[in-house]
Structure formats: C-alpha cells, structure tokens
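**Student:** As a plain string of letters, each chain reads:
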Amino acid sequence: MMAWFAENSLLLGLALLDGLAYAALVFMVAVGLNLVFGVLRIVNVAHGSLFAIGAYTAASLGLFFASRGLPPWAGYAALILAACLVGAVLGPLIERLVLRRIYGQEEVLQLLVTFALFMILEDVQKLVWGVQPISQDLPMKVLGTVDVPFGEDVIPFTIYQLFVLPGVAVAVLAGLAWFLRRTLTGRVIVAVTTDKEAAMAMGIDAAKVTLLTFTFGAGLAALGGALASPTTSLVPGIGAQTIVLSFAVVATAGLGQIEGAALTSLLIGLGRSVAVYFAPEFEVVVPYIIMVAVLLVRPQGLFGVLETRRV
Amino acid sequence: MTSAITRREAMFGAAATAGSLLLAGGNAGAQTKPTELRVGITTFLSGAASVFGVPARNAAELIFEDINKAGGIGGVPVRAYFVDEGPGTDHLVGEFRRLVQNEGVHIMFASISSGSCLACTPLSDEMKKTTLLWDCGTQRIFEEGKHPFAFRTQGYGTPEVLAPLLYLLKHKPDFKTLAVINQDYAWGRDSWELWKAGMEALKPGVRVVAEMFPRFGAPDYSTEVTRLLAARPDVILSTSWGGDLVTLVRQAAERRLFDRSTFVLPVAEASMQTLGKTMPAGHVIGARGDHWNNHPKPKDPAKLAKFVEAYRAKYNEYPIYPCHHMAQAIAAMQAGFARAIAAKGGGWPNDQELANAFRGLTFDTPTSSITLREDGQGLEDQIVGLSSFTEKFPFAVPKDMIIFPAAMVSAPVGQKSVEWLKTLKPEFLAQVPAPVAG
Amino acid sequence: MSGSANSLSRPAGAAPARSLGEGLPALLGIAALVLVAWAVPWLKFVLTIALAKGIAVLGILLLLRAGQVSFGHAMFLATGAYTVAFVAPFQTEALLLLPLAALLATLLGLAVGLFVVRYRDIFFGMLNLALSMVLYSLLEKLYEYTKGTDGIRVSVLTFAGLRPERETQEWLMFGLALLLAVLFGLLVRAYLASPMGRALAGIKTRETRLEFMGVSARRVLLFAYVLSALMGGTAGALVAMTSRHVTPQLAYWTSSGELVFIAILGGAGSALGPFLGAAAFELVRVYAAAAVADAWQMILGAVLLLVILFAPGGIWGMLAGRLRRSA
Amino acid sequence: MSASDRLGAQAEPSIEGVTRPRQQDAPLLSARGLKLAFGGVKAADGIDLDVMPGEFLAIIGPNGAGKTTFINMTTGYLRPQAGSIEYDGQPILGLSPRVLVGKGIGRSFQLPQLFTEHTVLENAALAIAARAGLWSPLVPLLRPQWRAEAMALLDRFGLAPLAEVRADALNEGARKLADIAMAVALQPRLILMDEPTSGVAAAEKMSVVETLVRVLRDAKVTAVFVEHDMEVVERFADRVAVWSQGRIAALGPPETVLKDPAVLRDVIGIEPAHSHA
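Protein chains in written order, with this note's numbering: chain A, 1 to 311; chain B, 1 to 438; chain C, 1 to 327; chain D, 1 to 277.
I should point out that these hints are in silico values taken from the structure, not numbers from a laboratory.
One thing to keep in mind: the hints can contain errors.
Calculated cross-link-like contacts (lysine-lysine; reagent style DSSO-like; alpha-carbon spacing at most 27 Å) [what the hints assert, rightly or not]:
1) Lys204(C) x Lys196(A)
2) Lys277(B) x Lys141(A)
3) Lys128(B) x Lys416(B)
4) Lys392(B) x Lys141(A)
Next comes chain A alone, as it looks inside the complex (with noise of 0.2 Å):
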C-alpha cells in the first residue's frame, strides 16, 4: 500500500489539481441546491436546468461582447451578469408562478412540479440555443496556462481552471458563511432553515424569506453554469447531469450545511479525479458510491444534524 502510494505520489498529486476545479464547480451548483432546500424544504429538480440555462446566456453574452469588440476581460463581466439575470429573473418567476402555489403541500408534488419545471426548461434551452455545441472560452484562454512540475516534466494547467474555479468557490463559500451568520437577512435565513415555525412566529415574513432564497440559489446555480462555460461545450442535457450529481453532494453533505457540502464537493471531486487516474471504468459511480457509504454509517449525511421527533 505505501509502495503504491510512493509509486504514484506524482500522479496522485496531479489528481489532486485536477479533483480541484471540478469540485469548485460541482459545489457552486450544491451549495445553492441546499440552500434552497434548507428554507424551502423542497429539491429542486430545475436547478440543474437554471446552472444549463446560466451557462448558455453567459456564452451568448460573451460572444456578443466579443463581437461588440469588447477587451477579452469582459468576457467576465459577462459570467457575473449571466449569473445576475437568471438568477433575477428565471428565480423569481418560478418562485412566485409556480412553487409558491405548492407549499405545504406533500412533498412528492413539490418534488415533482421541479421535475415538470425541469422538462419544461429542458426544451426552452433548445427552442432558445438551438442544439449545436455552443462554447465561449475567451475568460479560460485570455488568462492562459501555468506549467506545473511533474518530475523531469512540466504539465500545463490552464490558471482559469487552477486558480479561478477554486478561488470564486473559496470566496463564494466564505461570502455565504458571512453572509448567513453577519448579516440581518442572512440571519433570518438560518432562522428559517432552522425551525420554520418559529421564526414565522417571531413575525418573520416567510413570503419574502422564500423568494430571496429561492433567487439566490438560482443565482448561485446561474453563476456555476456560468463559470462552467469557458471549459465546456454547451450542449442539450448538461443540466440533467449536473443536477443528480448536485443530489449526491447535498445528500452525502447533510441536508442545509454550507461548509459541508464544501468538503463533499471536495471528496467527491478528488474521488473522482483519482478514479480517473487509477481506475476510469469507475469515474461515473464514485459520487454515488461515497454517498452510499457515507450514508450508510450516517444516515443523517456527513454534517447533518440529526432531526429528533418530538412526542
């Protein structure tokens, strides 16, 4: 075991840059699921639709300010914006039209109106971008690559992957802990994720505490989709994929944990990359077998605080 580990320290630290960026994504997606979860109790299916659709309008945007001969920086200014309009405009719509009507009531219908939300969104995508792979990777390339030392070698990282996807996850994930522990709205927030019924009982306006969370969760899934743009291709279905993964870190996380579901992503991020490396049939169920596994010793998730019932 340990002449394996010495063997393959190189590669394993090379797994570990890589687990990094993925799992700075995959976090920005969970951690405004659970948030939406916390206040809302409700999952949110669609959200993965909102991270597909926050990535297509921060492509178009960055394409066309690159056509308006925008600076490459702008391109930037176009993944925070994108955020800002889905987010502001898609949260709040869905929030008021549509789940607003389902409080209260069994959870499988409010599971299922974010999963007829879902294959709704789905074809919006395509009716509005059309199917052809879309990709905008001006932020990635303007910024272009570090070399990283590998033995003899040197392995170029992209400095967007390495240091910009992590670092907005760090800054997201401590804006959020200040925000939710500093700050009056943020606050009431964690007033309600708590006990619902008390914090309505000390005269806190539940209809405006939904509608901020729903949209900042929508924002927060938004800005994923958007960081996420200048790797990828956008194509139809990322949403699909990119939701049930969101699933196995909120689960594995603990219902509501911020942080948790930072070190999850992390887990699960790293799992995966070092799956990659050394065993790639099993890349896909890594996710979900650390959930199960993790589950399985505490059913209550990693950082879950068990929920006793009062008799």
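Starting from the structure of chain A, add chains B, C and D where the hints point.
**Tutor:** Frame of chain A, contents of chains B, C and D only:
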C-alpha cells in the same frame, strides 16, 4: 415538420382513420400509386446527439422541398415523418410501429445511434418494410445477421476507423506509444476494438499507455488531459464527436497537448465549424465518408456546391456529414424507387419489390457513387487528411488528403470486421493511394 | 394536510373515493383498452408498454401511501428488463423469463430495501436515486456484458413452446400485460385494505404510534418496498419482451421520475390510478412527439404542472369526483 | 378492589404492614436512581419510584421538571444516563418501545398520536390488528371480527358515534380518548398517560376523565399519568408523586400531598391553568 393535417389526424383521428390505415398498411397484390410517398425518419431531435439529428433533418426538409418542386418521386410528392430518437429505445420502437402501422409509411430511414439501429433493423424484418440505415455505424448490423429489408446507404465503422489508421501509418510511421480517449458507448468501444485489431496487425508492438472511456456527454476532460500530458503518448486517438469532441479539443489545445502528441480524430468533420481556429493544424482528421467541403475531385462539383450553398443560405451554416448522409439516403431512395418502378413497367412497387430494387443498387452522390452490396452494406469512399487552414473556410479542412476506395477498407461480405482486420499484413500499406493536394 | 376542524360531527370527507366502486370503471377501462388495441394496431404496442409501466407505478403508489417517494425505482424495472435480455439467448420461453425477472428484481428489492427502509423522506428518495444511478452506471460501463448505452436486443421469444406470428405475438404480449395488470391491481387493492397496507399511511402520519403499537415501521415499509420491486421487475420484463430491446436509459433517474410522474398524473387514490396515468402518459407522449417532435418534453412537463396545480388528485381524482357528484 | 383499599395499602412506597400475598404486592414498575440531563437541565436526578399493581399514580410538577421524560424512559423512547427500571421484576432498560409494548407497557401522548388519514374505527382496528399480530396482506383490516372488536372498544370510550370520522377531524377531547383507546386496545398491564386532559375543553374534562377511569378500572390496568389539573388528580389518583427539578419532592395520597404547604407553594402555586409542556 409534419403538416397541420397530420397533427389533426394524429390527435383526434387515430381510431377513426384506423380502418383505412389498416388497408394502407397492407402490401398484398396490385399496388395503386399513392397520393403521397410517406417517409418515416428517426433522428435525434433532443439530447446531446441532436447536434447531428437536427442538421440532418434540416437537410432532409431542404431536399424534399426540391424534390417536390420537381414533381416528386415517380410523380408522387414526398412527405416526411420525423420521430425523435432522444426519449429512448422503447419509445422509438413504438414510433417505428406507429409510422409503419398507423401512418402507412412506404419507407423508413433509421437512426443515428447504433442502439436505435440495432433495435429498428429487426423491426424492418418483422414488418417487411424497407429501411435505409442512414447514419449509424455499427458493424454488428450486417455481420451478426441477415436483414433482407435493411440497407445502409453510407459507410460504417470498419472503413471509418481503418482509413485514418492507414493514414497515420503513412504519415507518422514511427510512432511507438498511443493513448485512446473515446466516448463510453458502442461507437467509442467498437471503434477502439477495430482500431486495436488493425493496429496490432499492421504495426505490432505499439504500446497503449492509456485507455479512457469518459462518460458520453461529459462536460469536462481536464483530468483526462492532465493524464495524457503526463503520459506523453506519440499518438492520441479519439473517435469522439459533437460537444464532447469540441470540449476535448478546446481543453487539450489550451494546455498544449496538441504540441506533445499527434491526434487522430476520425469524426472531426462535424465539429470543425464550431471549433473554428481553435482546432490545431497538422492532425489527422476524418469525415465518416468523402464529403469534405474541399473535396479535391468531387464527381459532380456543381451539385456539391449547389447543396452546400442552398443549405448555407437556409440555415446559415455549412452542412456537416449527417446532412450528407441524409442526402445519400434520399438519393438512394430516389434511385431505388426509380429502379423498382421501372422493373414493374411503371407500376407502383409493393414492399417486397421495393426492397428487391435496393439490392446491388448504385446511386450517385455529389462527391462519388455508392453501391449497396449484397449484404445491404453501402460502399462509401473515405477521405482522411491533416487539419489545415485555407483562405476559403473559417475552419479547419484537410490537406494532403488520401481517398480510400471503399472496397479496400471494408471487410468483405460474410466476414466479421475484427477477424478480417487481424488478417491484414503490413504489406497492405503499399496499396494505400498517394495523397492528393487539397 | 389540513386538520383544523374542531367539530366532532364533521363527516369523514366520505373517505375519498373508497366508497366509490372501482369495479365498473375497471371493467370499462379494460374494454376500452381492448377496443383501442383492436382498432388501432400500433397502439396495441403503446398500450402494452403503458400497462407494464402501470404495474411498476402500482409499486410507486404503495410507497406514496407511506409518504415516501422513490426517485430510483427504475432500477427494478431495468433489473427485470436486463434479466430478460441476458437470459433470452439461453431460454426463450417468455413464461419462464417473466417470473425469473420478477424474482431477481424482488431479491434486489429485498437487499436494497433492508438498507433504504431505515431512511425517510428526502434521504429515502435520494438513496434510491443514488442506487439506481449506480446500476445505471454499471449497465453503461460494463460494456463487455451489457453492450453499454447501445443496449441488448431481445431475440424472438416463445410462448408455451410456440413461436407465434408477429401479430399473434403482439396480442399475446398485450393480453399478458393486461392479465398481470388486473392481477396486480387486485393484489394491491386487497393489500391496501389489509392491516399491512393501512399501516403504510401510518408511516406517513404517525410513525411513532406504530412503534408504540409494537409494530416495526421498517418491516411494514420493507414489505411494501419488496412488493413494489416485484412489480417493477415484472413491468421491466414486460417492457423488454414488448420493445425487445433494453438500454441503460431504463435505469436513468429521469425514467424513475417518469414513474412518479405517472403515479401523480393517474392519482394515488386508487389502484386504477397508475393505469389511467400510464395510458395518458404514453398517449400524450406519442401524440405530442408526433405533433411537435422537438418539444414533446415541454408538453409533458406542462401537463404535469397543470395536473399538480389544478387537479392534485390526478385523473382518478377527477373521475371519482365527477362520478360522486353525479351519483 | 376499591380505591380506598389501595389508598390504605400504599400510602407509602414501602410495602411494610401490607397483609396481601407477597407477589401481588411487589411493584409492577420499579425505578431506581434514574438520572438523565439534557445539556445542563436535569430532567431526572436520582429518581426512585415504585408503581404498585392496580394503582393510579399521578405525577405532578412544574413544566420542564422531567415528568414526560419519566414516561419516555419507561417506554424505551429515551435511555437514562444512570439507574435502572424493572418491570414485573425484570430489567427493561435498553428495550425498544416495540418490545415493551409486547410486555404490556402502553402509553398515550400529550399530543395524541393518531393516524390522521384514517378513520377512528381504522385507528382502533389497526391497534387491535397489531396486538393480534395478524398481518396478512390479503385480509382486510376491517374484517368483521376486528370491526366488531374495534367498535366495542370505541363504544367503551363513548367514541362509537365517531367511528367513521377521520382522526384529523376530531376535537381534542375525542382525540385524547381515541389515543388512549389505541393504547388500551393493545391490552396493556401498565399504561403511562402524558397529560390526558391537556387541551380538553373545561366543560368536557371531567367526563373525559370519568370515561377513562371507568375503562381502565374495568380493564384492570395500572396507570401512571402526568397531570396538571389538581381537581382531576384529587378525584382520580390513588397516589401523587410531585416531580420537581428532577427529583421526587413528595409522594403520597392526594389528600396528604396536595395539602402540603411546600407542594402548594412550589407546584400548585405556579401552576398556570391548562398549560402545555
């Protein structure tokens, strides 16, 4: 798209029209000329593979419009029924039945996905309905069974893999290591099996340093790219296509993997427009056929130009190979009906007579001509070259092209491809034609 | 659920739909199915698939009674389907393949069930989802055995040793699906009226009380889970024998979502609901796909949304409501 | 036996001076040195308590004193950090509620735990089915035999007219009775009731309790109940235990204990009317 009448029939009239459709579905005795020639076409309209399916449908609509303007086929206007392969096989086989039993189509075009083809081809046997396999590439169809009503109007996996392999052996004969990164589904797996068999026969001793089959539609290949950068193979093979290939090339190009290894991309053509200048020059690219925009000596240059320009005018992009494959299937259909009608002295053929007309049929494409062998497999030439940029196109096209005659790179009738590839000898390389300037 | 009424004498909301006979609607439904299958030949295929899915959805219905949503039940359907595909080359007898597929799915259901019945609500749903995705990934990855996403073709089957013509075979599959649908429908109806079945709703409303009655809630749920796996496997076998081609898509999470979709569309109030839902689902799907080939998913999504927002009792709920009013 | 017999015999936890055969006089439930703290709050801080067969023991005390905790510990829902509980001479700590139900320990809840989607009849029938252990998935719950038995049970509680009403449509008094009926359906030897009258309208309260006591006495069930209403305690309890800050501050017949000035001051003095714990 289907017309308003179909929609109404489909929505309300299923039961009411059933009686007449029962008759329409039959194929007994004398056939009267129908009022329209109904063609059922399965293609991807949703999901990742719709990047092929939708352009192909566009091409079909364009061509059928032209055909109908010119009076149809045998004087009968053509009407197309498109169905989506996206929702899965159980849906698709139901749709296949609907088209045959309910809409009374006269001929079927089946499938982009090999899985769809494997499901639909046996249905053509059962329902005795002539089915043109218009795009799928799996060699298993005609090598694992007889299908009297099915015909593939384009090449298939074996020539599409062997041609790039031969090109590589000519272009870079001294490579010692190779890595493969293919999509994890039949085409990715089968094409690697074909390549491996051919490579071991033609150039024994090449070391395979990595075999990777990332999930179909994977959004990110940076881990795989890192692993390939670290492994430094002389050659990297990838038969990936669509968004997957675009992502792979972008990420690999950005991190200078193309400087370290020679890429062989047999399905590159369809992604060149999307990649634009991002595609590095000097790598081996193929097109699943010979229909490159810069084909050095097309059989009918005017016809090729007309099709390309008409498609560009209508859809604002160059046609990609699935468009050409669709055009080939339609050309085959025209030729087949013409032959069947002629054989019947001007009468309208029944299903069996129509199928008979396709066996051994030769039809023209803008670039060449294709013959359907006795087992139903079409013989389509392959052109492989090195990616390069010209003034004429804003995206990569091949240079130093080699035109591989279809018969040379296809497994003979009755032989299984993998077995046949294993019998090849290094001397086989001597038969490879010389490159032509693009 | 509303529970604010204070009057002792409030009627029980007539214990929804149970007071209404299900026999007549069921007989009418069967007659309609046979008639449509006879009149429109290709719909026979669609309806066979719908009946098969209806059987799987009966299983979803049981879990819904316990307030649990499985977003991974397609794994049992896929297990049944792949069992048929794997074994068919060696044994083509449909009447042996069917019980074998059901048995294997039941065993998987027992193994998975022992694990997942310890969890509730979102964890229950997500664990089922994760496990079905493990199966999906394996079916996709183990190319040597499963042929990956291309799937496996099921060769022509024999029925009681005979190899009938296509038309006869289609009728046989339709009849078999209909027969099994009726049998499982009756079984589920009896089960839901039994103490075991009635205790399911106890898991949804007052699990603590079950424990303090000396009843193991896990065992109650496990029984329903295994039964649902059995029905899922049967459905999968029927789907495989009808479409004669299986792919990993059968196990993908969206397929599981579809099953839950059908359950809600049909209505969870009656054992007829799943079949109403499945027929409606498949018909909307084929007609939407025929009408607008690239936006059928959007149409299905819109139908689902409208049903949930305006008719949460599903089709059965609407029918039952209408019949009650006219009675 | 009459109430006065028991009162005389068990005025003190000790069994001295009792003339009945030894086994009858052994406590049915015997707790020794129970300790359980939630954070810094001591719900039980060395509790010794015996419950004699056939008696009605009321536990009173301020909110949060740990009265419900005692019920939860006895029924296997919570485990004490120290101490032991014996039931019928056997240690029962660590056994699950399910096992304890089988041994004859039933309980009711402060918030009635009814199956809200079921009718009252079905609630009762489910409890009867649970006791009978007949869990065939093919025989209806409301088979004639169980329907009759369930109706008889509801009748004893005066709930028969409400048999077809859904449980979530009942008022609080009926809810409480139905809750206890389900516990009684299991034919327990000992029942622990958590505030059987809380939330019941004042006008109904006495009739609810009278029904309750009548049924329990008929069924010869030993009962421990947590109660806030002193009138109820005074009229129906054989003995009263005063629970204060995790300890038993006083124990004895109601007429003695309820006159104790310390109890009056510490327990009854701060007792708000119809409080919820």
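**Student:** Hint by hint, note whether the structure agrees.
**Tutor:** Going down the list of hints, with the structure as the test:
1. Lys204(C) x Lys196(A): Roughly 20 Å between the alpha carbons, so the hint for lysine 204(C) and lysine 196(A) holds.
2. Lys277(B) x Lys141(A): Given that 27 Å is the threshold and the Cα spacing comes to 13 Å, the pair holds.
3. Lys128(B) x Lys416(B): holds (25 Å)
4. Lys392(B) x Lys141(A): Between lysine 392(B) and lysine 141(A) the Cα gap is close to 26 Å, so the pair holds against 27 Å.
Of the numbered hints given earlier, the model fails none.
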